[in-house]
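> Here is what each chain is made of, one letter per residue.
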Amino acid sequence: MNISSYIIVKLKELEWSTLILVLILSASGLLAIYSIEAQHDSSAGYFLRQSIWTIIGIVLFLTAYFIPRKVIHNLTYPAYGIGIVLLFIPILMKSGGSVSRWIVIGSIGIQPSEFMKIFLLLALAKYFADHKKRLATLKELMTPVAMTLGPTILVLAQPDLGTALVYFGILIVIIFWAGIKPLHFFLLLAPIASMLAAFQTISFFLWMGVIIVVLYFNHLPFWTKIMNFFINVGLGGITNLLWALLKPYQQQRILSMIDSDSDPLGAGYQVSQSLTAFGSGGPFGKGLGEGTQTHLKFLPEQHTDFIMSVIGEEFGFVGVMVVLTLFYLLIARLITQAYNSKFRFDSVILIGIATIYIFHVFVNLGMIVGIMPVTGIPLPFISYGGSFMITSMILAGLSVNMSSVRRAVG
Amino acid sequence: MLQGRNIVEGWRSLLVHGLLVLLFLILIGRYYYLMIVFHEKYAEKATANHIRAVPVLASRGVIYDRAGNLIVDNAPSYTISVIPIEVKDKPQSLEQLSSIMEISVEEINRRIVKNRRGNFAPAKVFSRVPFEKISYLQEHRLELIGVTYSIEPIRNYVSDLDLSHALGYTREINRDDLNRFKKESDYQPGDQVGWKGLEKYYESDLHGQRGFRYIEVNALGQEIGELEDRAPINPIPGHDLILSIDSYIQRAVEKALADSSGSVVILNHKTGEILAYASRPGYDLEMLSGRISSKDWNALLQDPRKPLYDRGIQGLYPAGSTLKPLAALYSLENHSNAKDRTYMCRGSYRLGNRSFGCWKKTGHGKMNLHDALQQSCNVYFFNLIQDIGLEDWAHIAREFGFGKRTNIDIPGENKGLVPDTKYMNRKYGQNQWTRGNLLNIVVGQGDVLVTPLQLAQFAGMLAQRGTQFQPHFVNQVVSKNSDIIMENISPSKDRVTASKDSWDFIHQAMWDVVNGKKGTAKAARQKEWDIYGKTGTAQNPHGEDHAWFIGFSLDERYPYSWAVLLENGGGGGGKAAPLIGKVLRSIAKRPS
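Listed in order, the protein sequences are those of chains A and B. Heads up: the first sequence begins at 1 in this note's numbering, then just goes up one per residue. Heads up: the second sequence begins at 411 in this note's numbering, then just goes up one per residue.
There may be inaccurate statements among the hints.
FRET-style restraints, in silico, Cβ to Cβ [said to hold, decoys possible]:
id, chain 1, residue 1, chain 2, residue 2, range
1, B, Arg415, A, Pro182, 16 to 24 angstroms
2, B, Val431, A, Glu15, 18 to 26 angstroms
3, B, Glu454, A, Leu245, 41 to 49 angstroms
4, B, Glu897, A, Pro283, 54 to 62 angstroms
Bear in mind the hints are in silico, worked out from the structure with no lab data behind them. Every residue gets a Cβ at the ideal spot worked out from N, C-alpha and C, and that includes glycine.
Chain B with its partners taken away, still in its complex shape (with noise of 0.2 angstroms):
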């Protein structure tokens, strides 16, 4: 019925009119609300949505030798990286570059997962990929969708030297060093980051800090482009490092040590600068900077020779007969008759039913405190530990830095051992060791263990009358505007006192060592300057023994001490007082 009339009330129309503005109302209240009210807070979001910030890397620092040479820079090497969203259905894109890079495609799954920042961001999985292959890579592109690849800088080890153990390498940071890190610094995954030496010493100098760009992105994450009205933040290139080392005396301690297995520390004992650190066999810096193969690592991992162990600061070995001069010290100092004192030495000691003997089996015969320093002899040392308490010697030896950590600015340094009461008791139980374990001490076998840069400080505390410094490879941190940001100086620490008259007694018999008729390091003499030293013969129970010779120049021009060991090097300074000799003889011919 077309024709029906509309009966509607107006009463009803008005109520939908009603209804009509209500719902407008709250319409516009709502956009009120949000496009008013809380406008800036929404547009600073929408600008944070679409806005990237990407970083851009600092330089690392730089480290010199003392005199300004380059001993380590920076040099642009290709990474390859994957994008992990664009890669995901093309299985073809991961196995082309795994026949490029001669990988495996699940190694590379591994690296992109290892390495992964995100579905769209680029995971690292080539460093220092040579540049045949990025040319390769560039001509393929069309074929590898998702696979980039960009420059950056890795280690380029300038300098002939083979400073390895000091210098030590950079890695990819690992996930408990990001989360380590993350607190104080800006690192991401797939940054370089110091492992060993050096580079991880000073880590936070030479590391700098990023910069960031801003592109624009969408909401896929895909760079749309630069931003215009946002300026960059330049990265803050890292400090650089001016190392003590001399790279004159570094080459002539290399060229002396040749294949020799064994640790050379040169430093100055006025100051504390290590000029010359040799730990021998080095391994290539260029090999483990970076990424390194796990058959490669194996190889160094499994070396017999132990390339990676830092002999100058980890090594612990027996000190021989360098520390006897702890005791003659000691002697010297508390027994009024020390330099009388005699004792016949025929070759052995006898005590209860053992026999301890000395280096030279005929005997020295009657000896001195004078005759026993400079002719090593063991049994004299055997009678006079018997005067001396194990703490008393336990306490000078621990005043000349042994048993403890020299804080030279490396990690990973030994402590080393000096036993004292305390540390038999436990060791052996309480009075179960016997005096024969004393003498062992005294002439430095036994339980006595040193580190290579700890008899080195002992040897420039004795050139120095006793008088501390501390050890460091580090002379400067500058920054690349050349602010001094950091400066080593050594500062005046502890001494040991003893009188000058026990001093003099000291450096005589040390001065004979090297210069005397019957002294054991004749092959260090040098005939322009004086020579100070002192052999001794760490007991290898594997092998032949190893050599020490530890000594000091007390020439105003060479305040040089140092201490050099050569494992299987002999007995008695064996070749390390020849070495140390050539190496002298090469300081003076040194060209101005």
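Just chain A, same shape as in the assembly (with noise of 0.2 angstroms):
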């Protein structure tokens, strides 16, 4: 098969619709980006840019569709490696005791955590494809979630807590679809729970509730169910003890961590503006470049994180509810196609894409509201900037390279 008859089949073969979706989300916040600078003599040129970074976007999406299978599948663990190194370049070049997110070459900036998050993807789906692993036991799991580690440090270091849990959502995802027993799956995940509950009396007491019904249920050896009660209470406990031996300020080093762009008030100020900015949006909004929030500025970061406050002010309750439709239709379909892959390295990276929009998708229109912490996750396709743009765009034109063997399902 020659390279020209390769493409028309794979044109023949190309799933417009994942395409079209993502053409009108990206389309969606230019829009927005639009509207922001439209109202300003701002010579930002955050539109320009972003249009740029769309093209771009787009031909790197056609790419990852063309590359074929094998391709991807032998240069994963190269790409892993590079990744890896990249991720060193920022904490090597780190000024005055402070990290960068960025690699700058010229006048681009590069954020190589975010390319990170398509090669550790690829990892994990190559390492599960290969290995055959049916997660018979928890031995199996040390490889990936060492894999996971590496990065998850380095990308911490920088710090950057928000993509770190990116990486982690992505690993007990995979882990999940690649076949772990349940009790497993609750038995690997209780520990964060019961750090998590501790912070609260009842809900920890409730929470050992719950372990102590799961693992009597279960047939375990009698000494491993008491070690996995007993590491439990003792992971609550060490987590209360620590932090109340923390200095106030060092809480608050934590607590920022979470909010890791600006100070916990400057947080306050964002959200509240970004309340005030919807809800005076309203069902339909006040219409393209009438939003005052938007336009008079009290909008922080309209066009990165909070790009979303602009197209509910702007557009109202009907043009959130678009946007919404329009990334459930794009995950659910990687869930399905995830399902559908007749292999297994294709369904593993399915539904790491669809982890990592998930992802992004809930904890970003969950911050600018009030109910997720502000940690500095944008909006796939519709926040302004290059890498996560080029990012998603390969996660989508991958997705759509995956999607295209199917096994068949009776």
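Each chain sits in its own coordinate frame; assemble them with the hints.
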């Protein structure tokens, strides 16, 4: 098969629906950025830059689609290695104690942590596809956990808790998808839940009750059950103890790591202004260019993380629902395709892509309306920003590529 | 192994689908709640966010004399302000401004701090800036980033009259007043507020109510433009004051006073209207209004002639012989032989081993009450007071308004002092004071202290045969559309009761003071009308005595009473009686 006939075949196979969804989402983002800029004599040129990023993104979408699956499969580990190296660069380039998330080349800043999402996802997919793991024992998780921990620690050093959580989210969903036993899955996640629950007495005791019930009704060696239970109790206790031992400023430092970009007060202001933008938008919005919150610059970070509040203010509830629907269609398709894939490699990649999108959409749309902490997680395709636009586009192209081979489902 | 089969179970796929739906439902719920349920609340918040009300100053009420001639109105004045955030990193702006205005940068910074209303709101730093400086500023505006100017109305003193103490002046409101007024009114830092005199007393009438125009602002508080869909609230101008001051008489008084220090109060004893009011030296209202340099202010404060001191209501002086009618009236009412009592004046009165002199060293000879009043014989009253208790004397003095405020409509009035037994015991100790103190009191020296206004009021009550009245400067407070907001109508108040006979006697004696051959105030005599009066000497330990002359006219055309105090004006009426004579002559010559 020569290249031209390969391309013709691939073009015929191309599922246009994903590309169309992605294009509509990108267009809404550009519309919002246009609206922000149209009112100011701003020379920032966000609209122009984002347009260029979108075009580059579409090219990369197609590239990701046309690269043969085999090539991708073969390049996965080298790519992962390059990603790790790239993550070191900002740490090595750090100046004056603060680590940047960016590698600056000329006038363009690249965030390696964004691309690492793709490399990690591919590496995990390859690992599970190659080793036919059924995940019968917890030991089989060692390698994927280690693969994830590496980049996670590197981004935490930046510090970028949001991205670290994305990496972990990818890992958790993929091992679930790869067939971990429910009990193992539960035991794996239980310590994290125990530590979180420990901040409140009632929730901690309720959670311990749940653990006891689960352990009791499952067949595990007695000592394993006892050990598991006390590990959870112990972690909960230590969490409280450690927290209490911290000085208030240290606690504050940890709290503000959750809110990595700004001080808590600033975040409060951002969210409050964002709520006002959404609320005042009402059912149908104020109309394009009419948002007072947007154009009088009350909205912070309006072109990046808080861009949805521009859409909310100017296009109202209806506008928000349209965007939500587009995202739902995009992600729900990915889950279905992941299930329908003939090969495990494709399936894991697809569910990983779905995970990245879910995480970004839910955390971003949640934080701008005050139900998630402000963590600096952008909205795919819509938020201004080159690295994430490119990452999102490559992921979308990859998803179309991976969904081309289906298993016969009865 | 690219060809590894996908073995994921259906339930796992369903669970992930379920999670997706759940998360989206949470989002939809949250957005519905925000954008549909609480839409109105947030819509209001968004509106409040970007609309700012900009105050529009109300013009302060103007002040007229009784005939409607303007005394004080408003004139535009230039104010220079600085926007704190814009000059923060631009010291060259302030340096330039400092050299234009010839004031140190530190002083400018001090004023910015003092008048600061926020980072983006202009803070006033100079008032009453001459136009030349403003045009210079305008030319160099590009080098003066963050420096703005505006036009504000300030007080303009139209009249040539020197009514400084009565009018008072306005000044920038200070922090204390700002807090005090905060509850009831809408003052802001930098506002002018009445500081002294009528400006202060009638502040709430004169001030008016500021209006607002609405502008759109951005998150930095910078103006975007006028709001079209919200009509401005126009300011309500302050009310005008129509004074009782008669400019013609005031001018006559000022001319007669010339450069003398002292005080003249002329009032209409039928209505209580103050017709002329002078306290000398006065001060330059133009200089005090708005912002005064600390150099000028210190010069005023340290001037030995005390120009800031309102002698008319604050000056406390011994009343001297002007108080003799008090004892005379008491005697007439309480001693059956009052008119016929005689005492011999040999120029002094002995009490124990002390001698109390009469002003006439050679003595007046045999005196009755009438002659003693007319010639102001101290010895006669030294004898008379022996038959009057201090309490009785103090009582009648208080009935005539001494020892208490007249409640005239300018702030800062002094009460004066009427000594009674309690006071004397407190001051000198129980039984430590003697009849010698009493002798001083009856001739208005020693512990008795009065203000010129109180003596004018006393003269008016004598003229009115005891009827009280309320002295006042303002006849009417009138709104801009000529509604009368307030009118000072002197209510018939208490009166000092005495028989007609006694009043006739007092009037006759006071007529003789001016018109009699031996009267002490012949210089006040008028050809066309009858003038009544009483002279007095306020002993001055620091120099020449102060001269008093109080009096009244019963002429229907001129129901006037007055008190004149001339500092260092000499004893026995000295230059005071001639001064009022001059004023009265010019009143009689008034062109109709």
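> Check each numbered hint against the structure and report the violated ones by number, ascending.
No hint contradicted; all consistent.
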